[in-house]
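The hints should help you fit chain B onto chain A, whose structure is shown.
Chains A and B supply the protein sequences, listed in that same order.
So in my numbering, the last spot in the first sequence is 267, and the numbers never skip.
So in my numbering, the last spot in the second sequence is 1341, and the numbers never skip.
These are computed hints drawn from the structure, not numbers from a lab.
Fair warning: this is a prediction, and the values are worked out from it, not measured in the lab.
Don't take every hint at face value.
Stated by the list, open to error - Quick list of simulated restraints, FRET-style, between CB atoms:
| hint | chain 1 | residue 1 | chain 2 | residue 2 | range |
| --- | --- | --- | --- | --- | --- |
| 1 | A | His108 | B | Pro1291 | 45 to 51 angstroms |
| 2 | A | Lys46 | B | Lys1124 | 48 to 54 angstroms |
| 3 | A | Ser76 | B | Pro1291 | 40 to 46 angstroms |
| 4 | B | Ala1028 | A | Glu84 | 29 to 35 angstroms |
| 5 | A | Glu202 | B | Ala1326 | 44 to 50 angstroms |
| 6 | B | Pro1291 | A | Thr125 | 29 to 35 angstroms |
| 7 | A | Asp124 | B | Ala1332 | 57 to 63 angstroms |
| 8 | A | Leu6 | B | Lys1284 | 49 to 55 angstroms |
To be verified - Using 27 angstroms as the maximum straight-line C-alpha spacing, the simulated DSSO-like pairs for lysine-lysine come out as follows:
| hint | chain 1 | residue 1 | chain 2 | residue 2 |
| --- | --- | --- | --- | --- |
| 9 | A | Lys112 | B | Lys1153 |
| 10 | B | Lys1284 | B | Lys1105 |
| 11 | B | Lys1003 | B | Lys1060 |
| 12 | B | Lys1318 | B | Lys1008 |
| 13 | A | Lys95 | B | Lys1033 |
| 14 | B | Lys1105 | B | Lys1153 |
| 15 | B | Lys1055 | B | Lys1284 |
| 16 | B | Lys1105 | B | Lys1060 |
| 17 | A | Lys129 | B | Lys1153 |
| 18 | B | Lys1153 | A | Lys95 |
| 19 | B | Lys1091 | A | Lys95 |
| 20 | B | Lys1124 | B | Lys1055 |
| 21 | B | Lys1284 | B | Lys1003 |
| 22 | B | Lys1124 | B | Lys1139 |
| 23 | B | Lys1318 | B | Lys1171 |
Beta carbons are placed, not taken as given, at the ideal position from N, Cα and C, and that holds for glycine.
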Amino acid sequence: MLVANLKAELETEVWECLDAVTDPELDEPITDMGFVERIEVTDARKVRVEFRLPTYWCSPNFAFLMAFGIRKEVTSIPWVVEAEVQLNDHCFGEKVNEGVNSGRAYHHIFAKYCDGARLDEVVDTFLAKAFDRRQETVLLGLQALGHDAEDIVSMSLGQLRCVVFSGEEELRQLPRYLDLLVAQGLASEPHDLAFPSWDGDEIAPHELRAHLAKLRGTRINMEFNGALCRGLARTRYKEVEIGPDGPTLIDFIEGRVPSREELAARG
Amino acid sequence: MFKTPDGKEIFVIDGHTHFWDGSPENQANIHGKQFIDCFYAYHTNLSPEDQLWEKARFEKYSEDDVYRDLFIDGPDDMAIIQSTYLNDFYKNGFSSIERSSSMAKRHPERFIVNGSFDPRDGEKALEYIHYMKENFDIKGVKMYTAEWNGNSKGWALDDPAAYKCFELCEKLGIKNIHVHKGPTIIPLSKDAFDVHDVDHAATDFQGLNWIIEHCGLPRLDDFCWIATQETNVYGGLAVAMPFIHSRPRYFGEVIAELLWWIGEDKLLFGSDYAIWTPQWLVEKFWNYQIPEDISAERGGVQLTDDVKEKILGLNAAKLYNIDVDAKKAELAGSPVQIAAE
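Isolated chain A, as found in the complex:
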């Protein structure tokens, strides 16, 4: 029993670390999107993560990025000695799996599929979109709290940290916005402006409305994919079969295990 408990504990730890991996196109954690299908820890040192995307046709570049993200997060856990990542049921699956488990950096492996360009450019493009989306949520939240344009564009990082939001989405996105702001070096000191553009420019009060319109455009695109992906993923995971050893932790988290009442009702 002790062994089983430890295994479940370690699998939970892996699950939690995967919150840090996002679908670059949607800027949502792959755990929230329900992409992670199975996590298996063996001998308290080896980890195997299986994931599946909403369709067989999802863009392979994003699949690569997520596979690498998973490997990076899992191998950063101190007790992990070996990590294996498997993308299931995807038109480019074999190549993704071969690449991510080879131990080399992705821009080496995939150079031949990139026409001389680097996958990093895609990463940057989508990071900018993620920034816009997170910033829009925070800006709209401030407007809803009654802050005017002047107030918002001159707000410092220190002041923003003191604002009390109540909306669920603002509470979720604020720390994610601050993380990205700091990670990108767009603001670091409490007196730095809280709302620069992605290019680091200040926004003038009269420009705020146009700036918000641009952010809205980014969100509309991301939501289109997000809504489709969630729906498609739901349908697809209905097909997932519980393995011969019975349901795993992830099966429970993802609600794939029928309740006893449901089983009884099925007779």
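This is chain B only, laid out in the frame that chain A set:
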């Protein structure tokens, strides 16, 4: 014909429909199975519950199904049937012009059947365009830039080989180029839904009309920008439409952007049949208004009755030179027939 609650008759052209065969018998490999499965997932996820089909019927529906769903139960007056080959995935093609034309022959007054070609086929593509013009007198084509063809996993509208095909289309009077932007797989470094090739092609072929299906979503902002610059670029609402049911507020945001940037004269209704059926889409569309706060952010744009009428049929009629009054009279003379049970 859609009848409004106050009795007005609205002429409906369904700008994007298919007559496909995705059945297991026609699937050439796993990709063929996965392709129709993906369509079915779209269907099950964005349809109201009472509109769901069984998988087998969805994979391969009959000529009678098309007629009933579009014209008897549905409000369409005419439907544009698009061809999509996917020869790497399906033995006899997914929806070929031959099969669609043979279906349409029963009610020629109601269908416009468009062709398709793959510029990567080189000379053969040019020969095929001639073949389609001579045998089916096509007025338009459907381009699917994400189609696989051997080692190639996609192409762009501004590829030199594509330009040769478009030159021929223009010469033969095949004026309406419907474009579907699916995810392009290689090069991986590229944004998979990039729509900038539309800009080049539309600039270089001013005599052709470029109808971008699902308005370039998920690159709506890029598409709006391009369509604002180019007078010959249109937006097809297929795939955006069903959000009217599952996420009506979001649908309002998309439509507000489109009306603001591109305007009411350049948007075309499409059900994307058989992924969705037109009956519930048109009904909900007619009853829909953009929420006021969303409209206010975009200069007060709104879906008035006149705007809806243009989107539902009048805009497509212009592109396909259909005299709406004459067509209405013609159809009134041959009302939809319900087969004897």
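Hints, one by one, checked against the model:
Evaluation of the 45 to 51 angstroms hint for histidine 108 (chain A) and proline 1291 (chain B) yields a pass: the beta carbon distance comes to about 49 angstroms. Separated by about 52 angstroms at the C-beta atoms, lysine 46 (chain A) and lysine 1124 (chain B) satisfy the suggested range of 48 to 54 angstroms. As the Cβ distance of serine 76 (chain A) to proline 1291 (chain B) is approximately 45 angstroms, the hint placing it in 40 to 46 angstroms holds. Checked against the given bound of 29 to 35 angstroms, the beta carbons of alanine 1028 (chain B) and glutamate 84 (chain A), roughly 32 angstroms apart, stay inside it.
With their beta carbons about 60 angstroms apart, glutamate 202 (chain A) and alanine 1326 (chain B) fall outside the hinted range of 44 to 50 angstroms. Separated by about 31 angstroms at the C-beta atoms, proline 1291 (chain B) and threonine 125 (chain A) satisfy the suggested range of 29 to 35 angstroms. For the pair aspartate 124 (chain A) and alanine 1332 (chain B), the supplied restraint of 57 to 63 angstroms holds, since their beta-carbon distance comes to about 58 angstroms. Taking 49 to 55 angstroms as the suggested C-beta distance range, the pair leucine 6 (chain A) and lysine 1284 (chain B) conforms, at roughly 54 angstroms.
For the suggested pair lysine 112 (chain A) and lysine 1153 (chain B), the alpha carbons sit about 14 angstroms apart, so the restraint of at most 27 angstroms is met. Between the alpha carbons of lysine 1284 (chain B) and lysine 1105 (chain B) the distance comes to roughly 31 angstroms, so the proposed pair goes past 27 angstroms and is violated. Of the pairs offered as hints, the one joining lysine 1003 (chain B) and lysine 1060 (chain B) is violated, with about 30 angstroms between alpha carbons and a cut-off of 27 angstroms exceeded. The straight-line distance between the Cα atoms of lysine 1318 (chain B) and lysine 1008 (chain B) is roughly 21 angstroms, inside the 27 angstroms bound, and the hint therefore holds.
For the given pair, lysine 95 (chain A) sits about 20 angstroms from lysine 1033 (chain B) by alpha-carbon distance, which is consistent with the 27 angstroms threshold. At roughly 34 angstroms between alpha-carbon atoms, lysine 1105 (chain B) and lysine 1153 (chain B) are farther apart than 27 angstroms, so this suggested pair is violated. Simply put, lysine 1055 (chain B) and lysine 1284 (chain B) have alpha-carbon atoms about 25 angstroms apart, close enough for the 27 angstroms limit, and the pair holds. Proximity of lysine 1105 (chain B) to lysine 1060 (chain B) is assessed by CA-CA distance (about 19 angstroms); at most 27 angstroms being required, the pair is judged to hold.
Our distance criterion of 27 angstroms between C-alpha atoms is met by lysine 129 (chain A) and lysine 1153 (chain B), whose separation comes to about 26 angstroms. Restraint check for lysine 1153 (chain B) and lysine 95 (chain A): the C-alpha separation of about 14 angstroms stays at or below 27 angstroms, so the hint holds. For the hint pairing lysine 1091 (chain B) with lysine 95 (chain A), the CA-to-CA distance comes to about 26 angstroms; that is within 27 angstroms, so the pair holds. For the proposed pair lysine 1124 (chain B) and lysine 1055 (chain B), the alpha carbon gap of about 35 angstroms is over 27 angstroms, so the pair is violated.
This hinted pair checks out: lysine 1284 (chain B) and lysine 1003 (chain B) have alpha carbons roughly 13 angstroms apart, not beyond 27 angstroms. The hinted pair formed by lysine 1124 (chain B) and lysine 1139 (chain B) meets the criterion: a straight-line CA distance of about 20 angstroms does not exceed 27 angstroms. Taking the CA atoms of lysine 1318 (chain B) and lysine 1171 (chain B), the gap is near 20 angstroms; set against the 27 angstroms cutoff, the hint holds.
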